[in-house]
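Chain X is fixed; fit chain S onto it per the hints.
Protein sequence lines, in the order shown, are assigned to chains X and S.
Residue 92 in the numbering used here is what sits at position 92 of the first sequence, and the numbering runs on without skipping anything.
Residue 235 in the numbering used here is what sits at position 235 of the second sequence, and the numbering runs on without skipping anything.
Bear in mind the hints are in silico, worked out from the structure with no lab data behind them.
Take the hints with a grain of salt, since some may be wrong.
Stated by the list, open to error - Calculated cross-link-like contacts (lysine-lysine; reagent style DSSO-like; alpha-carbon spacing at most 27 Å): (1) 2(X) <-> 25(X); (2) 171(S) <-> 205(S); (3) 18(X) <-> 171(S); (4) 205(S) <-> 14(X); (5) 47(X) <-> 14(X); (6) 187(S) <-> 171(S); (7) 14(X) <-> 131(S); (8) 18(X) <-> 131(S); (9) 47(X) <-> 77(X).
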Amino acid sequence: MKLLTHNMLTSHVKGVTKGYPLLIKATEVKVNEVEFNPQFVSRMIPKLEWSALVQAAEEDLPGELVADYETNEEFLKKVHRILLEVEVLEGCLQCPESGREFPISRGIPNMLLNEDEA
Amino acid sequence: MASSCRRPEHTAPPDVVSLSSRMIEIQTQMSERAVELLNLPEGQPCFLLDVGCGSGLSGDYLSEEGHYWVGVDISNAMLDVALDREVEGDLLLGDMGQGMPFRSGTFDGCISISALQWLCNADKKSHSPPKRLFTFFSTLYSSLTRGARAVFQLYPENSEQLELITSQAMKAGFSGGMVVDYPNSSKAKKFFLCLFAGVTGVLPKGLGSETSDRAVPNQVQYSGQRCRFKNMKGKSVKKGRDWIIEKKERRRRQGR
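The following block holds chain X by itself, in its conformation from the complex:
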């Protein structure tokens, strides 16, 4: 699971109103090399919940978005690395409201709900 995906994921369990952001409890993380596409990163930045990204990334990210980020290549490369190169392979995602855990195995989060949760 990449951090870009994590930034978009919420708990969809019935009755949960604040299922975002899911807390990452990682036991195995990998960093891949992914081709840098500044156009894509630039387009995604406004869609992100920035505070959730800061919380999820173990790196130093500014608490708030810098102005003129579109032209700041160094900044874009940093965001690119966090969004697309860091991958959580094993662990789980925890709902901030209910504490319900969604396991991650081989990089794939299991979002299947039980009968009473759907």
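Coordinates of chain S only, in the frame set by chain X:
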């Protein structure tokens, strides 16, 4: 499972489907067409959702086109194959009938190849297909950006099923409808449910119809098909294969 089987959902639940090379070819062609129908802005890498991504065949095509994607599938086995094939998209194990677990406005578009009809079968007693369809469509709707499209290639079992699917999609807020390619060929006929989120759009034309703008078939065609594309005067379309043959014949008759 026999590769000629067109109704895999009749033989087994969705998590036990296998592939054949013919199916792979067809899946890729359908992915191409689905992306075409998405009408994404040119030259821009987009963030897309692939529902029922399976082993990642359609996802591979999305990556080829320069897009980033997230795939959802209910089959662990299929997702394992996707991992082995080292697909570039992120994968999620999930049941589309339980809803799409994303924030609003996440995706620029959504495609789904041969997956939607699974929602119409109640695999478990507690499942209600209309409710699952609605849960799926309503959560999908909110996960799309305004103006985004969702394109579903499906094999509808009958008109009732098609009606059920379309009505639940409309209830969820989508506009749009069915695009049928090659309606006159039982072999080549393909159905694409083309939905618009937040805006009313003009439904694209199906391929292979008499009044189609596409006079010459592109790569998405089948060798067994004898479809002729003629203009209103009854002659073959200029520069098409038939036209060239007819012209050669004409010149031969004229003694040239």
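*Hints broken by the structure, by number, lowest first?*
Result: hints 4, 6 break, sorted rising.
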